[in-house]
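If you want the building blocks of each chain, they are given just below.
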Amino acid sequence: MARLRTLVAGTAGILLASALAGETLAQAPTPARGGTMNIIISPEPPTLMLGINQTTPAAIVGGKIYESLLRYDLDLKPMPGLAKSWTVSPDGKTYTFKLQEGVKWHDGKPFTADDVVFSAKTYLTTTHPRSRPIFQRAEEISAPDPLTVVFKLKGPFAPFIMAWEPSTAPIVPKHIYEGTDFRANPANAKPIGTGPFKLKEWVRGSHIHLVRNDDYWQKGKPYLDDIYYRVLPDASARVVAMETGQTHLSAFADIETFEVPRLKAMPHLEMTTKGYEYLAQMVWLDFNLRKPPFDDRRFRQAVYHAIDRNFLRDRVWFGLGKLATGPIHSSIPHYDANVPEYPFDPKKAEALLDEMGLKRGSDGVRARVTMDQLPYGDVYVRAGEYIRQALGRVGIQVSLRSADVATWGDRVRNWDYDMTLQVLSQLGHPALGVSRLYISSNIRKGVLFSNVNGYTNPRIDELFDKAAVAADPKQSQAMYSEIQRILVGDVPVAWLLELEFPTFVDKRFRNVVTSAIGVRDGFADVYMQR
Amino acid sequence: MERLEYIAQRLLKGVLVLIGIVVLNFLLIRLAPGDPAAVMAGEAGAADELFLQQLRQQFGLDRPLWEQLWAYLSNILSFDFGFSYRQQRPVIDLLAERLPPTLLLTGTAFVLSLAAGVTLGVMAARRAGRWSDSAITVVALFFYATPLFWVGLMGVFLFSVTLGWLPAFGMASVGVTLTGFDHVADLARHLLMPALTLALFHMAVYARMTRASMLEVRDQDFVRTARAKGVGEGRILRRHVLRNAILPVVTIAGMKAGYLLGGSIVVETVFAWPGIGRLAYEAVLQRDYNVLLGVFLVTSAVVIAVNLATDVVYSLVDPRIELGA
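As you go down the protein sequences, you meet chains A and B in turn.
Its first residue numbered 136, the first sequence is counted upward by one per residue in our numbering.
Its first residue numbered 630, the second sequence is counted upward by one per residue in our numbering.
Treat the hints with care, since some could be wrong.
[Stated by the list, open to error] Far from chain A by the CB rule (all over 12 Å, computed), these chain B residues:
{"id": "1", "residue": "Leu-640"}
{"id": "2", "residue": "Ala-670"}
{"id": "3", "residue": "Glu-678"}
{"id": "4", "residue": "Leu-684"}
{"id": "5", "residue": "Gln-687"}
{"id": "6", "residue": "Arg-727"}
{"id": "7", "residue": "Gly-736"}
{"id": "8", "residue": "Gly-799"}
{"id": "9", "residue": "Met-800"}
{"id": "10", "residue": "Ala-857"}
{"id": "11", "residue": "Gly-906"}
[As the list claims (entries may be wrong)] Coverage of chain B stretches by chain A, computed from C-beta distances (three or more under 8 Å per stretch; other residues unrestricted):
{"id": "12", "region": "650–664"}
{"id": "13", "region": "744–754"}
{"id": "14", "region": "914–922"}
{"id": "15", "region": "927–938"}
If you are wondering where the hints come from, they were derived from the structure by calculation, not from laboratory data.
None of these values were measured; they are calculated from a predicted model.
For each residue, glycine too, the CB sits at the ideal point set by N, CA and C.
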């Protein structure tokens, strides 16, 4: 079937997104110009140049300075960004983007298709480990005219359309970076983007001051005069800052989960968990499948049954999460809930362990394992402590091993672990954020976020390969559904929760969360109600 | 003249100690598990061999260890402390930004703690056995036993959240341009709580030490002689008792300089004070070797300088002490 799809164009998408944002964070009738927003940032980003650092803090601040070709609504449908429209050829191999007119870089130079070609072809394939494999799928990237960019792919790759948010594919100025050492370019300290805000001042350790870009291509926007990102490393100080109104916005893990109910009740604040759909973070228990008893599927199933995930969600994450059903997050395309289930059932867990021959010893212990604590915050430490207790009840004695991020990373990437919690984003599509964890070609010692647990299944490899390049969405859905059924049956890891994050906003600020990247978006539409 | 010679000698020794510290730290950091390239790759949420290799090559981490050490030592002779891997900025710039706030914080805390500690110690010693002595001892014990972060948080709760008198965090008000006296007043308002938090623990130490030392000196023969000669109590206290009792306090104060810098990490975190302590903490987590080495070097230099100053002050306070003897 010949098809030429114009995915989204014009303002309809933006209006739809605003409507979908729902709740009180969405649009009110008359946006007013002016106002200053103080926002918590923690930890302090190392740089704001999104091409060389993609940490969440860098993406939050850098997302106001840099833009990409597209944005995504809360259902992950593409919306115009620096591209005002786009088409995909019938064979799914050619993507043509028409760019917005009158866009200028923060230094006044015009933005053109050459900047996009340079960013995708040269810059990002050099500096950005996440976008390199995406853009290396392009056979040719060209700019037939200053406002058109054409990507000819080696083969169809449907997730290509999901790669255009600012931290995955920031468009950088060719006139500043071409022919330079990208990492050492002095412009990294004074970022030049096309975004709605410009960097005014960065007092390291204290604050980052952004000011309105008066030449922004969306006339009349942004509305805010200034944004101050306040660096607040202490969790208690962050709560106080929101409580006393010294800051107006917190997001991600700024607020400890146990403080969320208290802040939620404050009359000057409102909370949403929207705006994390693109990242779609999931926490899971990763098993090193090279080591017994983890090499036995029954053991992994027993562990899964022994963990009360409702308890984890309600008591550790204070309700901020959903029970995961399998490897794909429910907000990501191709999710399928029709998979085997692993309800909390300690008796079944014990039966599986008995069947394996792991009988309780005189001390009541069937097996002894070590769990590396995920050093990304106290909530994961508490989750680890719960898991130790839960597994202890079925006779699996867990020793917890704590370390800092660098040490933990070293152990996991070098396969020196029994089991550990892991958390990772799914980046809008299973081919971008899920397959890398399960395909055997990605078992690479020394590389974090690869297939570290060593899961190998030729059928899974084949399905992931084919599903990513299938031109027919129905075909790819069928393959992704099969992938989910196989993986959930095999339990290479125990998927625990789809994480939700609380974004707290001072009620005077409107239109804060209007897209699937939430507070990492440009804030061109955010305004302060008088 | 002798004093100048002594100071020059000590400075030379200080430089040798610093070189030793740099070499030791250089090796110790690299012994710790964790690799800056892998940490940065982790931050990108993805990694491949090419990316890791690129980073290691750029940071010089693929060169032999002795070569890296030699390059580092040669560079610091020209005050080139290298580049922060993570922040992609010269370490000297980072230190220049972050050291002054820490020196302001710890310097203020040092003066406050010494002044208040010695005063309280003298008061307690003069009223030894009375209720005011007990009260001072209890207060000193309380702050001696209480963790800094808790004192800080309670301060924030009382003075910022409940009373609204002082800002909860930061070093200056942002979003306003203040000059002259207004700027100083704003800085002082921000400084008060973190400096007091840091000072209270050390104040307790000095108060207890001054009291004990005063009580010991008070019963010495030369004090009795002075009293027998009819010297007034005030003069005895100032010239005879306190001057002798202060000597161990001066020693401890010099030694505590390092502790003050260490304690500043906690206080800087609680109060979001943009100092070198937080920079060091973040550099440890990120394995940002050059930043960490730079911080160690600078803080070691500060500690060595303070100890030298302590020795000089010691000789001034007590003429019996001969420098270099």
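Here's how the hints hold up against the structure:
1. Leu-640: The claim holds: Leu-640 (chain B) sits with its nearest Cβ about 31 Å from chain A, beyond 12 Å.
2. Ala-670: 6 Å, violated
3. Glu-678: 7 Å, violated
4. Leu-684: Leu-684 (chain B) not clear of chain A: closest Cβ-Cβ about 9 Å, inside 12 Å.
5. Gln-687: 6 Å, violated
6. Arg-727: 6 Å, violated
7. Gly-736: 18 Å, holds
8. Gly-799: 6 Å, violated
9. Met-800: For Met-800 (chain B), whose nearest Cβ neighbour in chain A is about 6 Å away, the distance does not exceed 12 Å, so it is violated.
10. Ala-857: 58 Å, holds
11. Gly-906: Violated, because the least Cβ-Cβ distance between Gly-906 (chain B) and chain A comes to about 10 Å, which does not exceed 12 Å.
12. 650–664: As far as the region 650–664 of chain B goes, the hint holds, because 4 residues have Cβ atoms under 8 Å from chain A.
13. 744–754: violated (count 0)
14. 914–922: With 3 residues closer than 8 Å to chain A, the region 914–922 of chain B meets the three-residue bar; holds.
15. 927–938: violated (count 0)
Taken one by one, the earlier hints fail for this structure at numbers 2, 3, 4, 5, 6, 8, 9, 11, 13 and 15, listed in ascending order.
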